[in-house]
Every structure is written in C-alpha cells, then in structure tokens.
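**Student:** In case you want the letters, here they are:
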Amino acid sequence: MQETSKFNVPGTYLFDGDLAMKGYALNKMCFSFNVAANRQAFAADEAGYCRQYGLNDEQTRVIRERDVLGLLAAGGNVYYLAKFAGILGLDVQDLGAAQTGMSKEAFKQMLVAAGK
Amino acid sequence: MAKIVGGITTSHVPAIGRAIAQNLQQDAYWKPFFDGFTPVQQWLDEVKPDVAIVLYNDHGLNFFLDKMPTFAVGAAGQYCNADEGWGIPTLPPFAGDAALSWQLINSLVADEFDITTCQEMLVDHAFSLPMKLLWPQHETPPVRTIPVCINTVQYPLPSATRCYKLGQAIGRAIAKLPDDLKVVIIGTGGLSHQLDGERAGFINKEFDLRFMDSLAANPQWATQYSNEQLVEYTGTQGVEMLMWVATRAALTGEVRELHRNYHIPISNTAAGLMLFDNH
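From first to last, the protein sequence lines stand for chains A and B.
So the first sequence is residues 1 to 116, counted in my numbering.
So the second sequence is residues 117 to 395, counted in my numbering.
Bound conformation, chain A alone (with noise of 0.2 Å):
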C-alpha cells in the first residue's frame, strides 16, 4: 500500500511507485524529447514513436488526443509531459487553462487575482 493513498486533495494527484509504474513507458518516450532528433522523428510518425517506446493504446491515444488529464491519469508525469507540451507549443498557461476547462485569459486572471 502506497504512504500516497491516504491523500486526498481534490484534482491534485503525487506521482508515486503505482503511477511511476503505470507510466514508465510514456515517460520514458517524453524524456526522450530533451534530444531534437527524437522530437523530430516523434513528430515525423507519431504512432511509430509511441510503438517504439511500448506505449499502450490508452496512452497512445490520450497522446494523440493532445488529453492532459488523460495523460496524468496514465501515468503521466508533469515533469516530463512538459517535454510533450513543448513540442506543441504549449506553455503552463495553456495546460493549465486545458485541465481547468477554463480559456487561457481567465486562467491567467486568476493567477493574477492570487496575488491581490
């Protein structure tokens, strides 16, 4: 049994043994987009990269769903997603708005708004 179990702080998840298992392969695959050769083939054939790395179909898809959430859900983990996130572009106000299911302005605003 995970220390983490007991935690329990809504839409905040800890990246524990359960999740570091579950997510290896997909981490892996994004910790190898430090290297822009690998973004570049990742890029080049998508599918073919996420085979070479063992990615199930769940994690396949949520990567091919651009589906944060999901990716967390399948072991993502945040630190090496960002490597993901690069490749499309994307900044933490973006993933945040993404997985808030707010729009990019009103995410800002209320990081704005923690400051008042």
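Just so you know, these hints were derived from the structure itself, not from any lab.
Each residue gets a CB set at the ideal place from its N, CA and C atoms; glycine is no exception.
Heads up, some of the hints might be wrong.
Said to hold, decoys possible - For lysine-lysine, the following DSS-like pairs were computed, each having C-alpha atoms within a straight-line distance of at most 27 Å:
| hint | chain 1 | residue 1 | chain 2 | residue 2 |
| --- | --- | --- | --- | --- |
| 1 | B | Lys183 | A | Lys28 |
| 2 | B | Lys147 | A | Lys108 |
| 3 | A | Lys108 | B | Lys321 |
| 4 | A | Lys6 | B | Lys281 |
| 5 | B | Lys321 | A | Lys6 |
| 6 | B | Lys281 | B | Lys292 |
| 7 | A | Lys116 | B | Lys147 |
Unchecked claim - What the simulated footprint calls covered on chain B by chain A, stretch by stretch (three residues with Cβ under 8 Å from a Cβ of chain A suffice, anywhere in the stretch; the number is not a length):
| hint | segment |
| --- | --- |
| 8 | 172-178 |
| 9 | 191-205 |
| 10 | 265-274 |
| 11 | 306-318 |
| 12 | 337-348 |
| 13 | 382-395 |
Starting from the known structure of chain A, fit chain B onto it as the hints suggest.
**Tutor:** Okay, now just chain B, sitting in the frame of chain A:
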C-alpha cells in the same frame, strides 16, 4: 577555515530563461520579479563568495525514473546545461570543484546521508537560471559550484525534516573544511504553484508569506508538515520549498534576513526571493 557567508533562496521557472533571452527584464510583467534581485546582486558583488552550493530539483534533464536518487551531489569539474525540450537557450557550462565536492560527499556520508555521487551531471533551469539572475553581468557565475539535487519528481520525497537535517549536515561539512573559503548556499524552487491536475493554477499567498516570515527566526517551522500537507497548502510543485528549508538549515550561525521579494505571478508561480547573511 571555510565559512558559510549566507544563503539565497529563489524560485525557478523556465519562462525566466525566455524573458532573459528576449531582454524583457524591464517589461511590465517581469519588472517586479527581476528588480527584486538587485540588492542580492550587490551583496554578492561585495561579499564575493568563492563557492556556491546549489540545492535544486531536476525536472527530467539529468535523472529519469530508471534511477531516481533522493539526494544527489555533483562531483565534477564542470556542469553542463542542455536542451530540456522546450526551446529555452542553453547556457554555457558552470565551473565545479571536484576535490571540494568529495570533501562534502565524505562528510555527508559520514553523517549518515547516503547520497548518490555524480561525476557527470547535467544541470537544468532550476540550477542555471538562478545563476543568471544572481550574476546577470557574467557569462558564467564567478564561483565554483556544487549541485545538490533533491528529488521532487517521484514520491516518496524526503520530508521537510529530512531536508532540514541535510542542510544542517551541509553546514557541518563546510565548517570542517580547512581551506579559507567563502561559501554561499543557494536554494531554488517554489513558492506555491501547481502545474498539473484540475487544481492547476493553485497559489497560496498567505502560506507563502508565513513560510518566508518563519525562516529568519524559526527555520524549523515548515518541518511540522508532511509533504502531503505541503502539497495541500502550496500546490503539487510548491513542495519545492524543501530547497529553501534545507538552505536555511545550512546557516548555523547568527542569521539575519537582509532582503526579500515576493511577486505573483511569474508564469504559474508565486515567485519568492530571500537573502540571509550568516555570522
């Protein structure tokens, strides 16, 4: 005898690298953040430390999940920055001091910290950007560096109590060095922010300010919390404040807060900066 002259704690965000590359320091969005560093830069110019021990967390540049050390210490002659996948410019290599690293490593292991030693170690934005913020006029910072990486990627993370003890052990290691060295401890991470999940965008100004207030006189304050509680109060990545806890713990003399800045938001982050001297 070596002496810890002070500690600096700051946030790190990739977007800072883009802002520096595009020369946006005086842009309205960035000015309240960058201007906060001026007093710290002046202090560094006056004190002129020889060595910087930099406590930071890797974001998937040097370490992958195949081998994930809880604490890792660099033992190299230089540390290279590299492509992190999102296109911010790569900075030139940072000078190390392998012999000094081994003295630190020997002392930490003797002190029961079973760290991972790294003779090759890529350093990511969490290490490189604070160097650029602290020494903006220098191509590379005029100090020898020792990176100390604390895992905040994969749970279980070391507790705030454990990080505090690591900081104390670093302080003891420096105090034992025979060389006449001025050492600054730099901790990078936090403050409150959350990148992932439906709670993305979470920021907690009240907690951040209480934490900053605690550091001068009551530096163990944060150790009352588990990492799960720190995530609840500061967000998934707010837990990077562990670097601040460890940095402050390394300052074992008479400690004064000389400067602070706090600004929301930089990217998705509540950006904090503190400077302490240590006598």
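**Student:** It remains to establish, for every hint, whether it holds in the given structure.
**Tutor:** Status of the hints after comparison with the structure:
1. B:Lys183 x A:Lys28: OK: B:Lys183 and A:Lys28 at ~12 Å, within 27 Å.
2. B:Lys147 x A:Lys108: Distance ~18 Å between B:Lys147 and A:Lys108 Cα, so the pair holds.
3. A:Lys108 x B:Lys321: holds (16 Å)
4. A:Lys6 x B:Lys281: holds (26 Å)
5. B:Lys321 x A:Lys6: holds (26 Å)
6. B:Lys281 x B:Lys292: Holds, because 17 Å separates the two Cα atoms, which is no more than 27 Å.
7. A:Lys116 x B:Lys147: holds (17 Å)
8. 172-178: It holds: at least three residues are needed, and the segment 172-178 of chain B offers 3 whose Cβ sits within less than 8 Å of chain A.
9. 191-205: holds (count 6)
10. 265-274: Coverage by chain A holds for the segment 265-274 of chain B (4 residues, Cβ < 8 Å).
11. 306-318: holds (count 9)
12. 337-348: Since 3 is at least three, the answer is holds.
13. 382-395: holds (count 3)
Hint violations for this structure: none, all hints satisfied.
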